[in-house]
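> Here are the chains, one letter per residue:
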Amino acid sequence: MPRRLIRHALIHVFLTLCFFLPGGLLWNRVDPHLMGLPFSVFVETFLLPFFIALNLLGLLWACWQDDQSHMQQDRQNFKITSDSETENIGNT
Amino acid sequence: MDWLLGYGGSMMVLVLYCAATMFIGLVAWRYFPQSDPEGYILGGRGMGWFVAAFTLMATQYSALTFLGFPGTMYRTGLGGYVAVAGMYIGVSALYWMLFAARTWKVGRAFGHMTPAETFTHFYGKKWVGFVLAAMLIATLIPYIQAQIMGISYLLKVATGDLVSFQLGTTVVYSLMIFYVFMGGLRAVAWTDTMQGLLLLGGVVVGAILVSYAAAGGPVAVFSKILESQPELLTLPGPDNAWPWAYLLSWVIPVGLGWPMQPQMWLKMHIPRSVTYIRLWPVWVTLSFPLVMGAAFLTGMTGQVVTPGLVEREATDTVMINMLLDYFPPIVGGLVAAAGLAAMMSTVSSQIHSVGASFARDFLSPWFPDQEPGTQVWLARMAVIVVGFVGLYLSLTQPALLTTLGVFSAAWAAQAAPAAIGALSGWRWATPWGAMAGAVGGTIVLFGIGLGFPQQQWLGLYGGLWALLANLILFVGVSLLTPGSRPADDTVEAYRRVGW
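Chains as they are written, first to last, in my numbering: chain D, 22 to 113; chain H, 6 to 504.
So here's chain H without its partners, still in its complex pose:
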């Protein structure tokens, strides 16, 4: 019995979770064999509302939801919650509200699957698609690496150090590569659905359990915080953590970056009906208070139980550490499985979308007359190559990539002006403008990020300066290169697609 309640039980839960994930992935492959690229990359554009909603949610909530954001909220209180809310349900939801259905319709009308295909089609130049696809793939590398570090940490803690960083990472990563290789998008979406349900249940139940065990429940937690540190419950938070201008300058680029990432873009094409895609921002907004409210409660419970933590790793892992302090390891294992679900659902979607992009945007132009079956195998090979490159980088280059990780979303946002120009069918937009904006924005982002303390200049986050530079260059260079404007037929075709 002791074994079951201890780390043995915790390991058993994690093994069962991995087996269930593998089983779902294999069922998707066995009953929906993928014989054409649209089936492998987009699940045949035929996902129902439930699977479409959960795959979006599970892909969006990641290691940050489980480890990073509760830590941010521990340190900065309500300001941290408001920052994340502004990013997800303020800016990202606004983008989806305006452009998700449009992306879905453009994809159906012209057969696009990846972001680069839309860029190439609208701007009429292949190199725009190549460069922007390469940039978007590069933005994902640090993000994948951060997820892998989260996975390895969770495995280590939940198994009492029985599983090493290298072993845990290799096993879980290989599992993901296997089911993505076999089942494609359908395997990703189905496992995401299971993982999304587990994530929702685990993060909410975990937060409530910890708050009751450690401090007498959510209301008691907030009462105690009110007595000891009331500044955690208002903006801008302790030590002026989130001044108004900085907060706004942070949420805009980071919130715009999520929908630009290839895995999110690709998923805008998968629902069967346009109504399901319009449901996305509603679903994000409704699930947000549950998931992030739980993260906020966890952060505040941490402040009641163990105030004064300053090390980032200690604050980021406040939830799992409290669980292990107050409950037997098997409960920690159950919640760690929910954390793994959050991370694996994101990484598997990223491997799949990067593999798809690699096959469609980089290999297909060199082999134009492929059979559909060959295209599927190219995509599968790309998944393996991309997957193992990610694994290699995670195991060998953690320091460098963690430094780059902070730029991930803000960097992806540098594709936003070009994307909005294409999706809205802006007739003055040119490939030179799109390129100048993306390159200029990236240079500004890295310049401020690497050259100024806390990645800010004049009190504003570097990502916003980069986005402003991008916009100015995009519009300015587009107006200066009228000879490269999209063909009238193309603009008219985009107009006819509708919103």
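So that you can see chain D by itself, here it is in the shape it has in the complex:
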């Protein structure tokens, strides 16, 4: 499994565990209010999903770049193979 996948998966697990914060700590309280919502509701329904989506988008971007470089490499390999085959045909 590629390292970038493991890295993003660990961040995902950490953010998911933040959802389940035990009673009375940090954002598991109703004050202050943000956008008219109690703090706990704001964090759990907007902020944490937003951070999780951001991490997933980061992974998507990294994988997309990786896929592109692989495709470029495949195209180059294909071009080299095609050129050498053309050369071989020319020699015969």
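Simulated from the structure, these hints should not be mistaken for laboratory data. Watch out, some of these pointers could steer you wrong.
[Claimed, not checked] Pairwise CB distance ranges, derived in the manner of DEER restraints: (1) H:Leu172 - D:Phe35: 49 to 59 Å; (2) D:Arg96 - H:Trp371: 18 to 28 Å; (3) H:Asn245 - D:Gln93: 34 to 44 Å; (4) H:Gln459 - D:Gln93: 49 to 59 Å; (5) D:Arg50 - H:Phe115: 43 to 53 Å.
Since the model is a prediction, treat every value here as computed from it, not as a measurement. Just so it is clear, CB atoms sit at the ideal spot from N, CA and C, and this is done for glycine as well.
We have chain D already, so just place chain H on it with the hints.
Chain H alone, transformed into the frame defined by chain D:
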């Protein structure tokens, strides 16, 4: 005019919705005739990002989104929302993040369509595929039955009791079987896209409308809850509803169960590009606050308007009942159409995937030299048989199946260790280990589920104990049966497929 705003208008909306669904299904069949199994079962592995995203979303959100989860959130407040969030965007999204693209690549490399084909190929034994496919199909029966009950209830309420349980169920179910039979995956995916848009709009608009009409809007709803029942807005919720350990033990098996279900697995193969499949968890995470935020708002509005409901049916139907209290029935009909969309999109995908699995995993091995056209007809016949068996069970065995329904996702999760072993190309995994894990996990799940109150033991949900037993057996038995390890060529081929 009164007729239009009343139950007549509501029925008209529902008939129009059903006609639109049928029309889309028939267009898919007419313009993309299915002549080979890959076309019928996977839509030719050629779906664009929009259809792929919406078919996933519509399949994932079901009767539970519309009826079950708002009720859970009504009873347990923010804890209910966090449980569902942990399940979908915590555990399921993590699985998709790690294994969806891998499943897509393995499917392309080796021509797999169903989960059993991957199990059989990697573990090298046909019986592993048979047993796990049978188990995954069995997990869907109670789930289909729960959706059908949701459909019949919605139809009954939205038409003012004009449509009976048997009639509503038979009509809607036959409609689904027809378009799945004709158009295969493409019909399922296209109708899912229409249904996904309707679901998203209906659940969000319905929740906001109700909150304004009943309590003055979302901010006012939360202010009133803060004054009257602040414990609904923090964890673990009223009466210690979701203690931390139980919450965690519940989301892991249930969240792992969704991606294991055949309809979700099959859909990992349908996008045209691997980038689209990598977009899935992002899409699930982004749509989640909209859909489940609306369900949470509905639950809280219900607490403001009609606090103190205890009956499960009363809390589960809080949204549709409030809509009918505050708006003319035609509005209830519009939102009921969104609810129907949520349920039908799930059931049609399930009928299709179970039909596909039945044809590919159980019939094809007995008729190995079939023409592609014959394989498509086998899959179609399987869709009809499976569809009508589901309908029969829904109409005749509701009590038994509802009891089993609670195990559905946690039971499907018992295929997860074997799936992860195969997809990650674990060279020490053996078919005996996979089998021992799945069977042992299922026994533990049913033992705790049927033998202990609230399906828990030592404060933890039975599904987690089952998954732990499964893992121990899978690893232990695999290490004890080294003679059955996958061939080196197979492990190497899986390694070369990439992530």
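> Does the Cβ pair leucine 172 (chain H), phenylalanine 35 (chain D) satisfy 49 to 59 Å?
51 Å, holds
> Arginine 50 (chain D) and phenylalanine 115 (chain H), beta-carbon distance inside 43 to 53 Å?
With a Cβ separation near 52 Å, arginine 50 (chain D) and phenylalanine 115 (chain H) satisfy 43 to 53 Å, so the hint holds.
> Do the beta carbons of glutamine 459 (chain H) and glutamine 93 (chain D) sit within 49 to 59 Å of each other?
56 Å Cβ-Cβ, so the 49 to 59 Å window holds.
> Between asparagine 245 (chain H) and glutamine 93 (chain D), does the C-beta distance stay in 34 to 44 Å?
56 Å Cβ-Cβ, so the 34 to 44 Å window is violated.
> Take a look at whether the Cβ-Cβ distance between arginine 96 (chain D) and tryptophan 371 (chain H) falls inside 18 to 28 Å.
44 Å, violated
In this structure, the hints that do not hold are numbers 2 and 3, in rising order.
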